[in-house]
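Chemist: Sequence:
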Amino acid sequence: MTIFILTIEIMIRMKSIIYFTLVTFSLVLLNSCSSGDGTQNVKDSLSAYINGNDQIMVFGSADIKRVLDKTDYKNIPKLGVLLDSEMSELNKMIDFSRPIYYAIEGPMIKGDTPSAIYSFVQVKSKEALIQKLSKDGFDFTNLQEIDYAEDGDFVLGVSDHIAIIISKQGEYEAEKLIMDAFSKLSGNLSGGSIAEILEEEGDIVMAVSVAPTYLNTNSGHDDLSKDKRKDIEELISGAYVQTVMKFEEGALFIESKNYFSDDLFNLMFFKEDKDATILDRLGSSEARLGVALNIDMKKMQTFANKYSSETMEEIANSMGDYGKIAFMTGGKDALATLFDGQLGAVSTGKSEQGDGFPDFNAYIGLTERGLGIAELGMMVDFNLQRGQLTTADDGAYFTTNSEYSNKSKKNNLILPNGCEKFGKSGISAFINFEDIDINEFDFQIASGERLLKIVNSITLYYNNEGGRIVLKAKNGKENILEQTVDLILKEFANELNSITI
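Residue numbers for the sequence shown, in our numbering: 1233 to 1733.
The set of hints was computed from the structure by calculation and includes no laboratory data.
Treat each hint with caution, since some may be false.
[Claimed, not checked] DSS-like mimics (lysine-lysine), calculated; alpha carbons at most 30 Å apart, straight line:
(1) Lys1342 / Lys1462
(2) Lys1356 / Lys1306
(3) Lys1297 / Lys1356
[What the hints assert, rightly or not] Ranges between beta-carbon positions, derived for each pair:
(4) Ala1624 / Asp1507: 31 to 39 Å
(5) Asp1507 / Arg1461: 36 to 44 Å
(6) Glu1504 / Glu1635: 31 to 39 Å
These numbers were taken from a predicted model, which means no experiment stands behind them.
Glycine residues also receive a C-beta, built at the ideal position from the N, C-alpha and C atoms.
Construct the entire structure; sequences and hints are all you get.
Modeler: The following block contains the structure:
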């Protein structure tokens, strides 16, 4: 089976992965419709298609050639020669100098499966491509200069310059489905944020269209009043969250950018703290992992009161008797009257074997009223099996080892290299695998074990405009994709050697 067919099969089976990526991340263009040589451009095709389909939840591109090159697939023993030969043949039919573009359509089926997934490919030779696919068992039908074939839950259509692959669940008419898709390619191109996003370069680019994604995946929207539903729909109309993945020498960069209206930006509640003052409250010693939040509590309270009142009820119910009373008597700014928006925790030192978790320090910023409630609550025996909880004039502190506790309001915390921005963004986090004995943690690594063999550290920063995740590899000289492929091949070889016949 060819790489092209394998690509189709993989796309069909990517639905659950794509949906997971879509949720995790849940919560852009062009001016002409042709390329320089007069042929229809695959990027323009997606742009026009999105403009003609208001149910597109996710769209983007994947630069297949760039990704494959970064794996150094040509030098894979035995398999590399076969792959190189196959790619050379396919390159006569498909223009791999351009990315493959894709779009995911709502509504969701049974809550977790997109209605359809569309992939758009630039074609060099329609005749050669159809001839090759026909040899592989595809039965094509010609209709109005479009040749199409169907197989199970996908349809493939090919014009002179564009191929469209559609993966769709349930019953459908293949002819109507593929012809409707091609008919949208002759429409006007998308502008604004969509046009800007489609110009973005990266190994993998993904953009979530907030409005259709929210409406197709949030069942709570139906329970809102008509006025509130309208308010939310107007607020998120035209909003997109872009994510770009770049596989580089010794690192993977995942960068996100929010395309929001001024009204939506004004509701965002993450704060910046250029001085990272929370570091003065997280103790001493060398930090191996950490997380920190800087939140505008009044903005978050206002947002929750207006658009997610049930969230406030859940928070109140989780705060215990004293906290619930304080919350209920706090008025419309209940959370803001208790918390100042700073929260952080870091792992420090080393735990004793068998403890199940390493030593750590934590802090939560409290208002004067919040301190009173916390001190009242501390009169109750928390039955802490490990660690000490204390309060000061600015909040509550917890430490599992007094040796690493906050002894003064001076930053004595030592952060790993690359974590200089920790504590400055709305959300920031890091983990340094180099100094961590993973056996200290009481959880199953499962598939994550492969990641730990390659990655040296992970850092994350996020604010109202977007954010960045960086995975640094232990080997800083080879592309992180190449390192991943090498590891998989070694593991596969070891598995084969362990098989007894």
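Chemist: Now tell me, hint by hint, if it's right for this structure.
Modeler: Results of checking the hints against the structure:
Restraint check for Lys1342 and Lys1462: satisfied, since their Cα atoms lie roughly 25 Å apart, inside the 30 Å limit. As the CA atoms of Lys1356 and Lys1306 are separated by approximately 23 Å, the hinted pair is consistent with the 30 Å bound. This hinted pair checks out: Lys1297 and Lys1356 have alpha carbons roughly 15 Å apart, not beyond 30 Å. A C-beta distance of roughly 19 Å is found between Ala1624 and Asp1507, which places it outside the suggested range of 31 to 39 Å.
Against the hinted window of 36 to 44 Å, the Cβ-Cβ separation of Asp1507 and Arg1461 comes to about 41 Å, which satisfies the hint. Under the hint 31 to 39 Å, the C-beta atoms of Glu1504 and Glu1635, about 32 Å apart, fit the expected range.
Going through the hint list in order, the structure does not satisfy hint 4, though it satisfies all others.
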